[in-house]
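Read off the chains here:
Number of protein chains: 2
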Amino acid sequence: MSFHPPQRTLMGPGPSDVNPRILSALGQPTIGHLDPSFIQLMDEIKDLLQYVFQTKNELTLPVSAPGSAGMETCFVNLIEAGETVIVCQNGVFGGRMKENVTRCGAHAVMVEDEWSKAVDLEKVTAAIKANPNAKALAFVHAETSTGVQSDAAALCALARAANMLSIVDTVTGLAGINVDVDGWGADAVYSGTQKCLSCIPGISPVTFSSRAIDVITNRKTPVQSWFLDLNLVMGYWGKGAKRAYHHTAPVNSLYALHESLTIVKEEGLQASWDRHLHNHLALRAGLEAMGLSLIVDEADRLPQLNLVGVPEGIDEAQVRAQLLEQFDLEIGAGLGALAGKVWRIGLMGYGSNSTNVRLCLSALETCLISQGHGIKGGDAVAAANRVYAG
Amino acid sequence: MSFHPPQRTLMGPGPSDVNPRILSALGQPTIGHLDPSFIQLMDEIKDLLQYVFQTKNELTLPVSAPGSAGMETCFVNLIEAGETVIVCQNGVFGGRMKENVTRCGAHAVMVEDEWSKAVDLEKVTAAIKANPNAKALAFVHAETSTGVQSDAAALCALARAANMLSIVDTVTGLAGINVDVDGWGADAVYSGTQKCLSCIPGISPVTFSSRAIDVITNRKTPVQSWFLDLNLVMGYWGKGAKRAYHHTAPVNSLYALHESLTIVKEEGLQASWDRHLHNHLALRAGLEAMGLSLIVDEADRLPQLNLVGVPEGIDEAQVRAQLLEQFDLEIGAGLGALAGKVWRIGLMGYGSNSTNVRLCLSALETCLISQGHGIKGGDAVAAANRVYAG
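Same order as they appear, the protein sequences are chains A and B.
Residues 58 to 447 (our numbering) make up the first sequence, in order.
Residues 58 to 447 (our numbering) make up the second sequence, in order.
In isolation and in its complexed conformation, chain A is listed as follows (with noise of 0.2 Å):
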């Protein structure tokens, strides 16, 4: 029987609400991933993530996998069996890039933060002078577990000043905060399409400095992974090239993805960086109004993750339970170290609009007022008014 889903509206950690433009070109007839035309969209793809990242990086590319593949491409493209990576991890994805580093036979020195808390620049300036052999800093710009972004430009520079390599993770910032990749000189960068792209999830969008493909070209040893070579992708990704047939590319996917980079150029970067900060401003109002607290620190939170504290004697599960049944709305979960103490609510891409905040603060109201959380309701949707009103 075919299957029809119900109408969610997605404010967890991603995927995100799609635009319904992207879902109509997702669904248009299947071209071959040789035709000339889709060979004129993968260049005009190149283009527009170029633009998104701001960068001129030639290789700029959606890796044919979601993002997890994207953070392994960076990876195993760039580390060798014996080196050294320091990795800062500050919630769930840093665990991660230490998996990625030592599932390629390499040796991975940790710089441990908080959950919730930003990467410690002087934590990483000390890993650095204590291994300076280490190819390459690894780090999460925007941590999709806690709601947190760190100083991506800074830790890029202090990569660079140590001769390393910068392998950064911003899957959930690009689009919905600055992400400059010519600008920090980072090396290596990977991103989500179900994020702040509003696009549907499987694709990884990435990019690589020319010191990266100079790693990369010279290895000692083969890249592990036959499929997420860049040495081959390239073949078939290279601008100019000839393209040659490395794996049938997810043409429909990529359909999508171009339509939604598309939307972001039509409305600007910094339009777009603007209006996430917006809303983020507006939902903030709203739960503090009903007594909720954002549990990073306001300098370093993403405006399109909110981490809310669960109050004492509330059960959050039943809460997203209530959430999703009565008023067909998704918020995320804690994870990891988080698990159980709060909620993450996404304020993303095309989600990010003062509906979606209004819907989500006064359903919320209300599964607190249902489990015998002493507010008033209307509250929120007031101080939300109020921020929106100006």
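It is worth saying that the hints were derived from the structure and are not from the lab.
Among the hints, erroneous ones may be present.
Where chains are identical, the list cannot tell them apart; a pair therefore holds if satisfied intra-copy or between any two copies.
Simulated pairs of lysine to aspartate or glutamate, DMTMM-like, Cα-Cα distance not exceeding 25 Å [claimed, not checked]:
{"id": "1", "residue 1": "Lys277", "residue 2": "Glu137"}
{"id": "2", "residue 1": "Lys113", "residue 2": "Asp286"}
{"id": "3", "residue 1": "Lys192", "residue 2": "Glu324"}
{"id": "4", "residue 1": "Lys299", "residue 2": "Asp237"}
{"id": "5", "residue 1": "Lys155", "residue 2": "Asp286"}
{"id": "6", "residue 1": "Lys299", "residue 2": "Asp372"}
{"id": "7", "residue 1": "Lys433", "residue 2": "Asp331"}
{"id": "8", "residue 1": "Lys299", "residue 2": "Glu373"}
{"id": "9", "residue 1": "Lys398", "residue 2": "Asp92"}
{"id": "10", "residue 1": "Lys299", "residue 2": "Asp385"}
Following the hints, position chain B against chain A.
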């Protein structure tokens, strides 16, 4: 600017024409990868994949990436460094298997057959005898580069008799010809969505025997790919298990896969195979009527992928270009050893129908005549019609 693809007829080696029902399913609103409705969809997909693979294997699921990643999933999970794998090569994809083996740090013993011939059982028997400690026998059931099918039942039996695992590529086989995983006693089998399932490209269905699961769960070393590590993926896809987040599933692509599998089940496997065979016979009659010949021995031909020898004096690339420009019809070029010598004409899934057969025959006839090939127009379609008339 938004991209609008041309309306092609896809009769190459894949992607094949996608059923409009599947495109509609694809474009439905995205829901979360942990949504209860999505979990139900996942269970249904697993059941449907068991049906098309003809298996009761519990570990049957779609890998969130194209067929090449499905291949890699099999090798990186089953093979460890230092082990030996016997790899049969009679086309491009056996060579890719070899790459996978060596990138696992393992040793590939190659059994080579001519491209366009089936895997020779006697050579395999000799290789097994010479390498009794090999861990696995890997072969391609349906070679997408040559249109050849090999005897999967016999090859799996040889592996099992020698206490080796069997790893089977049936990317182009599934739903087009009999793929009988349990009947064969195969241990690891991977396929693709963009061939006889008529689904969009980007997903790779795989299935593993309980013997294979034992090997995966008892490895000495971690799987070198975090993204493809089935020990982790099972936590998300495992039935009955608490669905633990591993990576964000490609939600919309799985809507499409579900619909495509539903369509196969509605038709029935035997009916699907019969249809592929019938249209193949009609195409063959038409090709022969215009003096063209299929290069694969009759007994080894894949009905869904027909390798046609390019006649003397014909520029094969120009014919393909003319087909695309004048008829919006895509057929495939030869790969590797067969480059420049053959066309690959697919009749896969939804695209295996009499309209496509007639279109292809008449369009090809037109192109050959325009290149000065001395054939008479109309003969080819007439020959196909005689097959359809019974």
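Taking the hints in turn, this is what the structure says about them:
1. Lys277 / Glu137: Classified as both; 8 Å inside a copy, 21 Å across copies.
2. Lys113 / Asp286: Within one copy, since 21 Å is at most 25 Å while 34 Å is not.
3. Lys192 / Glu324: neither (38 Å within a copy, 55 Å between copies)
4. Lys299 / Asp237: Intra 30 Å, inter 39 Å, cutoff 25 Å: neither.
5. Lys155 / Asp286: For lysine 155 and aspartate 286, both the intra-copy (20 Å) and inter-copy (15 Å) Cα distances are at most 25 Å.
6. Lys299 / Asp372: between (58 Å within a copy, 19 Å between copies)
7. Lys433 / Asp331: The answer is neither: 31 Å in one copy and 67 Å across copies each exceed 25 Å.
8. Lys299 / Glu373: between (54 Å within a copy, 18 Å between copies)
9. Lys398 / Asp92: For lysine 398 and aspartate 92, the Cα distance is within 25 Å only across copies (20 Å; inside one copy 50 Å).
10. Lys299 / Asp385: Answer is between; shortest inter-copy Cα gap is 22 Å, intra-copy 48 Å.
Hints 3, 4, 7 from the list above are not met by this structure, while the remaining hints are.
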